[in-house]
Amino acid sequence: MASTFFGLNIAGSGLRAANAALNTAANNISNKDTEGYSRQRVVQQAADPLRAFATYGCSGAGVQTLAIERIRDEFYDTKYRENETSYGDYTTKNYYMQMVQNYFKDDGKTGFKSVFDNMKVLGIEEVLKNAGSATAKKDFVGTAEKLVEYFNTASKNLERLQKDINDEVKVRVEQINSISKEIQTLNKQINVVELAGSKANELRDKRDVLVDQLSQIVDVEVTESPIYDSNDPDRETGATRYMVRIAGGQMLVDNNMRFELECRARVANDKVNQSDIVGLYDIYWVGGDMFNSTNSQMGGALSALLKLRDGNNGENFRGTVVGNAQDKLDANGNVVIGKDGRPVQTVTVSVSAEHLTDLNKCTLAEAGTVNIGNTLYKYDGWTFTRDKDGNCSYTLTLAEGEHIDININEKNASTGSSIDYQGIPYYQEQMNEWLRLFSRSVNDILKSGYTDDGKPGCLMFTSDYPDSTEGKFDHTDAAGGNSVDLFSGDYKAGQSYTISCQDDTYFRMTAANFTILDAMKANPELLGVKKDPESDGESQYDNMKEVLDTLSDSSKLSFRGADAGEFLTCVLGDITLAAGSAETFEENYLVLRKSLENQRLSISGVDEDEEALSVVHLQDSYTLACKLISTFSEVYDRLILETGV
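Going by this note's numbering, the first residue of the sequence shown is number 120, and it counts up by one from there.
Calculated directly from the structure, the hints in this document are not laboratory data.
Be aware that one or more of the hints could be misleading.
Straight line, CA to CA, 27 angstroms or less: simulated BS3-like cross-link-like pairs of lysine-lysine [claimed, not checked]:
hint : residue 1 : residue 2
1    : 325       : 300
2    : 675       : 650
3    : 239       : 228
4    : 447       : 507
5    : 640       : 574
6    : 239       : 650
7    : 480       : 574
8    : 257       : 566
9    : 664       : 265
10   : 300       : 198
11   : 480       : 458
12   : 228       : 640
13   : 318       : 198
14   : 265       : 282
15   : 497       : 447
16   : 228       : 198
17   : 664       : 640
18   : 239       : 224
19   : 282       : 497
20   : 257       : 239
21   : 265       : 232
22   : 239       : 664
23   : 497       : 232
24   : 664       : 232
25   : 574       : 675
26   : 675       : 566
27   : 640       : 239
28   : 574       : 239
Taking the hints into account, I'd like the entire structure generated from these sequences.
Put into structure tokens, the structure is as follows:
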């Protein structure tokens with residue numbers, strides 16, 4: 120049988136429920152502009168009825184306030200974060216590709232086409248018009264110096280940009296670590312609160328904001344599952360296991376445990392690409408393996424940064440090991456012994472890709488790390504060999520202390536990763552390739568000619584390398600002849616040769632060290648302008664005419680199927696395509712971002728009009744509950760004071 124005061128208890132439950140709902144509405148309104156705040160609602164249900172032992176059976180016992188919950192849709196959270204990953208990727212690419220585009224843009228004064236055309240028109244053609252003029256020759260060398268300056272500057276700009284991107288990689292890794300630490304802390308706090316039966320709504324909002332931020336840096340996968348009582352497997356404890364995976368499923372946070380990332384700088388003799396700057400970061404798990412940053416699911420700003428910094432258009436060094444590791448022999452046929460007392464070893468790798476069989480396109484660093492059968496080894500030099508049948512291979516000299524005792528025959532070997540994106544290494548390679556082709560063609564013509572005095576001509580373009588003779592290469596083979604025959608992808612059938620990465624060849628010429636021979640700068644009369652040392656008259660500069668023809672004839676000097684003057688058209692076409700694509704996708708994902716944000720807000724956001732109506736409704740509920748209590752109070756007064764009970 121119900122208590123005499125049963126009605127008062129029912130009215131009291133209604134008052135408490137209305138009060139909780141009003142407080143929740145007030146909280147919603149107060150946080151309508153708070154970033155990441157999710158609208159909350161009071162979850163109510165009818166209280167368990169009381170058996171009345173009367174004809175009507177059971178009597179309603181009022182209302183129960185079960186919880187205050189967030190209104191949120193996980194589906195839109197997932198879609199929003201997936202979009203944030205793509206948006207972060209293309210925003211970063213667009214920002215940096217616009218900078219690359221500015222570096223190569225021709226402003227009509229200092230761009231490649233302007234400089235190159237000036238060298239032909241104001242340089243070579245003026246020499247042809249003014250036979251014997253020392254001033255014309257000096258002007259030609261001056262225009263050539265402008266070309267050198269253009270490539271030196273472009274290379275330095277790309278190096279500086281690569282350094283900036285590398286620094287941002289470290290910043291992004293630190294952001295990931297910071298976010299993971301905050302998520303770990305929030306996981307602990309949330310479980311402490313929810314083990315007591317409450318809902319940690321505000322803490323969950325903070326955690327979701329952090330995951331949103333993380334999703335723009337790297338792709339994110341979040342899972343949450345209840346934790347059950349070990350003594351009663353069917354009972355949920357109230358705590359949950361919250362896991363965050365990044366970059367294709369790599370665990371970052373597992374409830375109260377997190378895994379930290381760190382950046383390790385490569386040392387000076389450990390490059391992947393020839394023109395890379397020193398100190399590029401590799402990402403590792405602290406106390407663990409290398410972070411897998413090249414998987415297909417990797418996304419976000421971090422992925423874009425690594426592609427921009429390391430993108431090689433899929434043209435990394437890769438091949439198949441031939442035989443096992445061999446002891447290195449010196450010039451006398453003796454085994455070379457390292458400081459550790461063990462023989463220095465070499466590994467031969469057979470290659471077939473065009474960018475490896477033609478050293479003009481090769482970017483393999485002189486020293487670095489090679490992956491052989493998924494094991495990393497340091498190497499400190501290499502030689503390139505082409506046999507009489509045209510088969511090509513690289514023989515890597517392992518660094519002292521590195522030793523291979525296992526069978527590696529036919530194992531895959533590679534350096535770096537095949538990154539299918541045109542990043543800074545790709546544009547450095549394009550400049551290096553053009554310069555090698557251009558310099559060799561011009562130098563060979565000038566060296567085959569004669570000066571006005573009938574003396575043999577000398578080369579004009581060279582490279583300034585620290586360990587070369589007098590700081591400049593003369594680009595000759597061991598016999599003193601042109602190194603072209605030992606360098607070009609075109610070779611005579613049946614010919615075989617071997618070139619070392621430290622030989623005096625055009626391979627070591629890059630946009631960074633490209634220069635003009637000091638003697639040529641000091642004395643332009645060294646130009647081999649004539650083919651015949653005894654020739655005179657207006658036609659005596661036929662050798663310079665051949666230089667001019669070569670620069671305009673793709674059959675004599677070809678870069679990507681075009682003549683030398685089309686270099687900028689080819690490279691700028693690549694840059695424009697990449698920059699335009701990044702800009703378009705950034706705009707598309709920005710539109711999707713706004714759309715998904717609106718969809719999320721339509722569910723979890725606070726609407727002022729809706730909350731205002733809710734407040735009016737709840738005010739009525741609260742007023743009615745108060746009225747009921749007042750009514751029951753009068754009833755009890757009459758019952759107790761006036762009926763003599």
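Now for the hints, and whether the structure bears them out:
For a cut-off of 27 angstroms, the pair hint linking residue 325 to residue 300 stands: about 13 angstroms separates their Cα positions. The hinted pair formed by residue 675 and residue 650 meets the criterion: a straight-line CA distance of about 18 angstroms does not exceed 27 angstroms. For the suggested pair residue 239 and residue 228, the alpha carbons sit about 15 angstroms apart, so the restraint of at most 27 angstroms is met. The straight-line distance between the Cα atoms of residue 447 and residue 507 is roughly 23 angstroms, inside the 27 angstroms bound, and the hint therefore holds.
Distance hint between residue 640 and residue 574 is fulfilled; the C-alpha atoms sit about 17 angstroms from each other, no more than 27 angstroms. With a C-alpha separation of about 19 angstroms, the suggested pairing of residue 239 with residue 650 holds against the 27 angstroms cut-off. With a CA separation close to 34 angstroms, the supplied pair residue 480 and residue 574 exceeds the 27 angstroms bound. Proximity of residue 257 to residue 566 is assessed by CA-CA distance (about 18 angstroms); at most 27 angstroms being required, the pair is judged to hold.
A C-alpha spacing of about 21 angstroms is found between residue 664 and residue 265, which places the hinted pair at or below 27 angstroms, so the restraint holds. For the hint linking residue 300 to residue 198, the alpha-carbon distance of about 24 angstroms falls within 27 angstroms, and the restraint holds. A distance of roughly 35 angstroms separates the Cα atoms of residue 480 and residue 458; the hinted pair therefore is violated under the 27 angstroms criterion. Straight-line distance between C-alpha atoms of residue 228 and residue 640 comes to about 23 angstroms, which keeps the hinted pair within the 27 angstroms bound.
Straight-line distance between C-alpha atoms of residue 318 and residue 198 comes to about 25 angstroms, which keeps the hinted pair within the 27 angstroms bound. About 25 angstroms separates the Cα atoms of residue 265 and residue 282, which keeps this hinted pair within 27 angstroms; it holds. Only pairs whose Cα atoms come within 27 angstroms are accepted, and residue 497 paired with residue 447 is accepted, the gap being roughly 15 angstroms. Under the criterion of a C-alpha separation no larger than 27 angstroms, the hint pairing residue 228 with residue 198 is inconsistent with the structure, at around 48 angstroms.
As the CA atoms of residue 664 and residue 640 are separated by approximately 21 angstroms, the hinted pair is consistent with the 27 angstroms bound. A threshold of 27 angstroms between alpha carbons decides the hint, and for residue 239 with residue 224 the separation of about 20 angstroms falls inside it, so the pair holds. The suggested pairing of residue 282 with residue 497 holds, with an alpha-carbon distance near 23 angstroms, which does not exceed 27 angstroms. Between residue 257 and residue 239 the alpha-carbon distance is near 14 angstroms, which keeps this suggested pair within the 27 angstroms criterion.
Distance restraint check for residue 265 and residue 232: the Cα-Cα separation of roughly 12 angstroms lies within the 27 angstroms cut-off, and the hinted pair is therefore satisfied. A threshold of 27 angstroms between alpha carbons decides the hint, and for residue 239 with residue 664 the separation of about 10 angstroms falls inside it, so the pair holds. Of the supplied pair hints, the one linking residue 497 and residue 232 is violated, its CA atoms being roughly 41 angstroms apart against a limit of 27 angstroms. At roughly 20 angstroms between alpha-carbon atoms, residue 664 and residue 232 fall within 27 angstroms of each other, so this suggested pair holds.
For the proposed pair residue 574 and residue 675, the alpha carbon gap of about 26 angstroms is at most 27 angstroms, so the pair holds. Between residue 675 and residue 566 the alpha-carbon distance is near 17 angstroms, which keeps this suggested pair within the 27 angstroms criterion. Among the hinted pairs, residue 640 with residue 239 is consistent with the structure: their alpha-carbon atoms are about 18 angstroms apart, no more than 27 angstroms. About 24 angstroms separates the Cα atoms of residue 574 and residue 239, which keeps this hinted pair within 27 angstroms; it holds.
In the structure shown, a violation is registered for the earlier hints numbered 7, 11, 16, 23, in ascending order.
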